[in-house]
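Student: Take our numbering: the final residue in the sequence shown is number 50, and no numbers are missing along the way.
Derived by calculation from the structure, the hints in this document are not laboratory data.
There's no promise every hint is true.
Using C-beta positions, here's what the derived DEER-type ranges look like [as the list claims (entries may be wrong)]: (1) 6 with 28: 20 to 30 Å; (2) 6 with 37: 27 to 37 Å; (3) 32 with 4: 19 to 29 Å; (4) 4 with 45: 34 to 44 Å; (5) 43 with 15: 13 to 23 Å; (6) 5 with 47: 29 to 39 Å; (7) 50 with 17: 15 to 25 Å.
Positions of the beta carbon are idealized from the N, C-alpha and C atoms, including for glycine.
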Amino acid sequence: MAITEVRGVLIEASRDDVMDVLLDLESLTEWSGAHQEIEILERDAEGRPS
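Go ahead and model the full structure; you've got the sequences and the hints to work with.
Tutor: As C-alpha coordinates, this is what we get:
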(Lines of atoms letter the chains of each structure in order from A; the text may use other names.)
(Lines give C-alpha, C1' and ligand atoms only; values in the text may rest on other atoms or scores of the structure.)
Protein backbone atom coordinates (compact mmCIF):
# COMPACT_ATOMS: atom_id res chain seq x y z
CA MET A 1 0.00 0.00 0.00
CA ALA A 2 1.38 3.41 -1.01
CA ILE A 3 1.47 6.28 1.44
CA THR A 4 0.90 9.77 0.10
CA GLU A 5 1.60 13.01 1.92
CA VAL A 6 0.76 16.49 0.69
CA ARG A 7 1.97 19.74 2.24
CA GLY A 8 1.42 23.34 1.32
CA VAL A 9 2.96 26.69 2.15
CA LEU A 10 1.19 30.03 2.01
CA ILE A 11 3.49 32.77 0.73
CA GLU A 12 2.05 36.21 1.30
CA ALA A 13 3.67 37.86 -1.71
CA SER A 14 2.78 38.49 -5.31
CA ARG A 15 3.75 35.97 -7.96
CA ASP A 16 6.16 38.53 -9.44
CA ASP A 17 7.88 39.07 -6.08
CA VAL A 18 8.30 35.32 -5.59
CA MET A 19 9.77 34.92 -9.09
CA ASP A 20 12.17 37.83 -8.47
CA VAL A 21 13.55 36.05 -5.39
CA LEU A 22 13.77 32.68 -7.14
CA LEU A 23 15.64 34.15 -10.11
CA ASP A 24 18.05 36.22 -7.98
CA LEU A 25 20.60 33.43 -7.78
CA GLU A 26 23.43 35.81 -6.89
CA SER A 27 21.84 36.33 -3.44
CA LEU A 28 21.15 32.61 -2.89
CA THR A 29 24.28 32.22 -0.74
CA GLU A 30 22.95 34.91 1.63
CA TRP A 31 19.80 32.99 2.58
CA SER A 32 20.61 29.34 1.82
CA GLY A 33 23.25 27.69 3.96
CA ALA A 34 23.42 24.77 1.51
CA HIS A 35 24.92 27.02 -1.19
CA GLN A 36 28.38 28.51 -0.74
CA GLU A 37 29.11 29.86 -4.21
CA ILE A 38 27.04 30.64 -7.30
CA GLU A 39 28.27 31.11 -10.85
CA ILE A 40 25.81 32.11 -13.58
CA LEU A 41 27.04 30.64 -16.86
CA GLU A 42 24.27 31.83 -19.17
CA ARG A 43 21.38 34.29 -19.20
CA ASP A 44 18.39 34.61 -21.46
CA ALA A 45 17.46 37.73 -23.45
CA GLU A 46 15.81 39.24 -20.34
CA GLY A 47 18.88 38.68 -18.16
CA ARG A 48 17.45 35.72 -16.23
CA PRO A 49 19.68 32.74 -15.43
CA SER A 50 19.11 30.02 -17.98
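Student: Next step is simple, just say for each hint if it's right about the structure.
Tutor: Here's how the hints hold up against the structure:
1. 6 with 28: 20 to 30 Å: Given range 20 to 30 Å: holds, Cβ gap about 27 Å.
2. 6 with 37: 27 to 37 Å: holds, 34 Å
3. 32 with 4: 19 to 29 Å: holds, 28 Å
4. 4 with 45: 34 to 44 Å: holds, 40 Å
5. 43 with 15: 13 to 23 Å: holds, 21 Å
6. 5 with 47: 29 to 39 Å: holds, 38 Å
7. 50 with 17: 15 to 25 Å: This hint holds: roughly 21 Å between Cβ atoms.
The earlier numbered hints are all upheld by this structure, with none contradicted.
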